[in-house]
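Whole structure, please, built from the sequences with the hints as guidance.
Chain residues, written in single-letter form:
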Amino acid sequence: MALNHEFVGKAFPYDEAFCVGVEKIREFARSIGDDNPLYCDRDAARRAGYPDVIAPPTFAIAVIMKAQDKLLFDPALGLDFDVVVHGNQRFIHHRPIVAGDELTATPYVDQVRVMAGNDVVTLRTEVTDPAGNPVCTALGTLVARGTA
Amino acid sequence: MTPAFDDVAVGDELPPLTYHVTRKQLVQYAGAAGDFNSIHWNKRVAVEVGLPDVIAHGMFTMASAGRVVTDWIGDPGKVKEYEVRFTRPVVVADDDAGAQVELTAVVGALNASARTARVDITAKFQGQTVLGKARMLVALD
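Protein sequences appear in the order of chains A and B. Under this note's numbering, the first residue of the first sequence carries the number 1, and numbering increases by one thereafter. Under this note's numbering, the first residue of the second sequence carries the number 1, and numbering increases by one thereafter.
No lab work stands behind these hints, which were simulated from the structure alone. Treat the hints with caution; some may be incorrect.
[To be verified] A short, non-exhaustive set of chain A residues, derived as facing chain B with CB atoms under 8 Å:
#1 Ile32
#2 Gly33
#3 Asp34
#4 Ile61
#5 Ala62
#6 Arg90
#7 His93
#8 Pro96
#9 Gly100
#10 Thr122
#11 Thr128
#12 Ala131
#13 Asn133
Quantities reported herein were computed from a predicted structural model and do not represent experimental measurements. Ideal Cβ placement from N, Cα and C applies to all residues, glycine included.
Have a look at this one:
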């Protein structure tokens with residue numbers, strides 16, 4: 001099924017902010033078996049100059065998940081989710097994510113294309129704080145195998 | 001302690017790291033990340049879509065691989081960029097041993113004006129790389 005090119009270049013705002021909690025960061029760090037004290041020890045994080053525990057570099061995926069899924073599961077986009085694999089992922093951190101952050105994720109469809117019989121979607125999701133300052137830019141490619 | 005920029009050279013190897021991933025951890029990660037795709041915990045579904053068995057989330061592998069660099073710099077808040085391509089799945093058997101992934105990393109480039117290093121990561125499962133172009137850009141002291 002062909003992907004809908006009308007999605008390209010558009011923003012898909014997601015209204016609900018992601019409120020970053022201490023326990024969510026600790027849970028994420030535990031799940032990847034990472035005991036870095038800056039992820040779990042609030043005093044250690046403050047001694048390092050942060051307002052609270054900081055998130056691992058890939059925690060941003062949890063922040064953007066709902067906003068991206070809303071877009072990717074939109075039937076009008078035409079992505080067959082049963083055969084989707086993650087092609088690549090990149091995070092550009094403008095500053096670390098810290099417990100207490102209230103973050104808004106806004107996905108954009110940067111590109112849709114056909115490559116070797118696969119439909120390929122490139123997403124860019126801008127993560128910002130309540131003042132609109134950039135926190136993280138997440139770039140990801142999703143590949144629907146054999147759908148093109 | 002984050003390494004000082006002046007003490008780091010292109011080609012420097014970071015201390016290697018090996019991690020084990022079990023089914024239980026994949027379930028933990030699914031909850032932590034909010035990614036409940038069945039192929040990461042349900043063999044029946046994984047086999048139905050043509051996989052040999054349950055596979056780790058690509059994002060789990062990315063997260064775990066990054067540790068070889070964040071352990072070296074100490075402060076993960078100094079990660080400026082991190083990117084990977086997902087090239088091969090990490091198959092996680094239903095046993096206590098799970099899968100073993102071996103990580104190595106080498107300083108690939110330095111930027112003197114920004115005082116940053118690009119570290120290139122290699123992640124191997126059963127002797128084969130599972131990530132391509134895995135690179136982390138970090139600020140050094």
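A quick look at each hint next to the structure:
Against a cut-off of 8 Å between C-beta atoms, the interface hint on Ile32 of chain A holds, since the closest Cβ of chain B lies about 4 Å away. Proximity of Gly33 of chain A to chain B holds as hinted, the smallest CB-CB distance being about 6 Å (cut-off 8 Å). Given hint, Asp34 of chain A at the interface with chain B, holds; its Cβ is 5 Å from that chain's nearest Cβ, closer than 8 Å. Residue-level restraint check for Ile61 of chain A holds (minimum Cβ-Cβ distance to chain B is 5 Å; threshold 8 Å).
Interface restraint check: Ala62 of chain A against chain B, minimum CB-CB distance 5 Å, threshold 8 Å, status holds. Annotation: interface hint on Arg90 of chain A holds; nearest CB of chain B at approximately 4 Å, less than 8 Å. The beta carbon of His93 of chain A is positioned within 8 Å of a beta carbon in chain B (closest approach about 6 Å), and the interface hint is therefore held. Using the Cβ-Cβ criterion of 8 Å, the hint placing Pro96 of chain A at the interface with chain B is satisfied: the shortest such distance is roughly 4 Å.
Taking 8 Å as the C-beta cut-off, the interface hint given for Gly100 of chain A is violated, the closest approach to chain B being about 14 Å. With its C-beta approaching chain B no nearer than about 13 Å, Thr122 of chain A sits outside the 8 Å limit, and its interface hint is violated. Given the 8 Å rule on beta carbons, the hint for Thr128 of chain A is violated: about 18 Å separates it from the nearest Cβ of chain B. Interface restraint check for Ala131 of chain A: the shortest CB-CB distance to chain B comes to about 20 Å, outside 8 Å, so the restraint is violated.
The closest approach between the C-beta of Asn133 of chain A and any C-beta of chain B is roughly 16 Å, which is over the 8 Å cut-off, so the hint fails.
Checked against the numbered hints above, the structure breaks hints 9, 10, 11, 12, 13 and satisfies the rest.
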